[in-house]
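K.L.:
Next come the chains, spelled out residue by residue.
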Amino acid sequence: MNLPENGLVAVVKRDCETCGMTEPVLAALAEAGSLTVFTQDDPAFPESVAHEYDASLDVSHALKIEVVPTLLRREGGREVARTYGWNKAEWRELTGVATLGEDLPNLRPGCGAKNIEPGIIEDLLVRHGETGLKSRRIDFGAQEDEIEALFDRGWSDGLPVVPPTEARVLRMLDGTTRDPQEVIGKVPSDLADCTIEKIAINAVMAGCKPEYLPVVIAAVEAVLEEPFAMHGVLATTMFVGPVVIVNGPIRRAIGMNAKGNALGQGFRANNTIGRALQLVIRNVGGGRPQEVDRATLGNPGKLSYCIAEDEEGSCWDSLAAERGIADGKSAVTVFAGFGLQGIVDQKSRTPESLAQSFAECLKTLHHPKIYPGADALVVVCPEHERTFRDAGWSKARLYEELYGRAQRPAEEVMPGAGGIAEGTSAFPAGSMARKFRDGGLMIVRAGGGAGMFSGIIGGWSASGEKGSSPVTKEISL
Amino acid sequence: MTTILDPTGERSVAARPRLARPERLEGLKVGLLDIAKTKGDIFLDRIEQRLTESGLEVKRYAKPTNTRPAPTPLYQQIATEVDVVIEALSD
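Residue numbers (the working numbering), protein chains in the order written: chain R, 1 to 477; chain A, 1 to 91.
By construction, these hints were calculated from the structure, which means they are not laboratory data. Some clues are possibly wrong.
Restricting the straight-line Cα-Cα distance to at most 20 Å, the calculated cross-link-like pairs of lysine to aspartate or glutamate (EDC-like) are [to be verified]: (1) K186(R) <-> E10(A); (2) K134(R) <-> E10(A); (3) K329(R) <-> D345(R); (4) K186(R) <-> D91(A); (5) K39(A) <-> D91(A).
In this text the structure is predicted, and so the values were computed from the model without any measurement.
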């Protein structure tokens, strides 16, 4: 399909009332002289005017049509004037026909052009090599199963991944306004540059929607901050991996689950955001199990571990608010954690009794005699939170009680005490041994309305400055 | 054909590398795979004779038919029993 060197060009589609309305005008212009009409959607439209069917939409794309109808004038192979929608004065000026569209209203807005519809524009950009994406292209053989091919190349976490085609990655990048080539850091263990584009590729593979991308980016940024010590979290023989806690309005906007089964399966946003982060570590950073990832057992959360806090149901400040994020902003907090240890207490009705239950369970984290212990994230279920709420216990009060109540007499944690070799002599006899460093506990509220079952997500032995500290990062959209 | 974008840090080649060929056969177990093409067995008999004379351990394998890929159990058997494989291709 060739564009005329000189003359008028109109681009229209059947599925646009304004285009239909201009059909008599187009017919009149065609009769009067040089008009080439391209139709985008229906090869029969417009019936009364000779036209060409831009089936591939390549002409529309080349002309950068955004609205139909578009009328433009070309001279010497170049466009010299353009109008879109129906604007009687502009059409008259552009065509030089002073009586054009006498029977038509002065103004009618046009419709979005088909060539810029989501799902179509990406294919056009790919076909014309205009995506601007820099990653290496990898062709699969015609007979190769894409899913199997991605497994074979070692780019999966053990579950099928979505093939990151250029079109899918482009759509994913619609989820952020950030430059795809922005380097946000170096991912261990290879210390490879991580661009927004690489994150988008892995987000596609994980099954994310574009609107999840800002959360994934913030999570990657957070784990790459120095205090998180991502290399160590990856390489340790212990169980831990990054646990992502999401706060703020974005949770509800993207449909994250903070209610029943809050830490479980079945919710796309929760499950794919955590997975995307792990895929970035695996693929961009080269962090694979039995290689640099030396985990003895690991934990199932290393596939994906992403929690939304139930802020609306909570009487307490959110974790993000505690950590300095302004009201109305969204943020992720990453924590090097593993698994879930239940706190089952269905009988306590006073905050003292319940706090003591929490503390007794916290004492056993890693081992009842390992003092001081790792950091921990406590996920308080609604029915437990109610007990604290009714008694007027603030979150600060609960922290203070847990730090205090989780102490044990030094004698009880010494090596050999209780017939167990494990233990420590770090605490002088007669003193109380602290389980948690200051700031070593984090409390969030999540879960379904029924069940007095809270949870402890244990941290890494190397918690704090010697290893990993939680990092909070505001989410930029 | 599907084209995808490389999800990695692009520190290795895009194509899957083949295993390096051993420089010598001493000490390796050699599998001889007859893919069921005509006279492949005659060729492999001679190869077996030569390798055995050189003191190498040789194991023989055969595909049931040349028209289909080898059955998975045969792949697995070969992979677990020998270090290198010589196939008799074509007639």
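K.L.:
All the hints need checking, so say for each whether the structure fits it.
P.N.:
Now the hints, each set against the structure:
1. About 13 Å separates the Cα atoms of K186(R) and E10(A), which keeps this hinted pair within 20 Å; it holds.
2. With a C-alpha separation of about 11 Å, the suggested pair K134(R) and E10(A) falls inside the 20 Å cut-off, and the hint holds.
3. Restraint check: the Cα-Cα separation between K329(R) and D345(R) comes to about 34 Å, which exceeds 20 Å; the hinted pair is violated.
4. At most 20 Å may separate the alpha-carbon atoms for a hinted pair to count; K186(R) and D91(A) exceed this at roughly 54 Å.
5. Simply put, K39(A) and D91(A) have alpha-carbon atoms about 6 Å apart, close enough for the 20 Å limit, and the pair holds.
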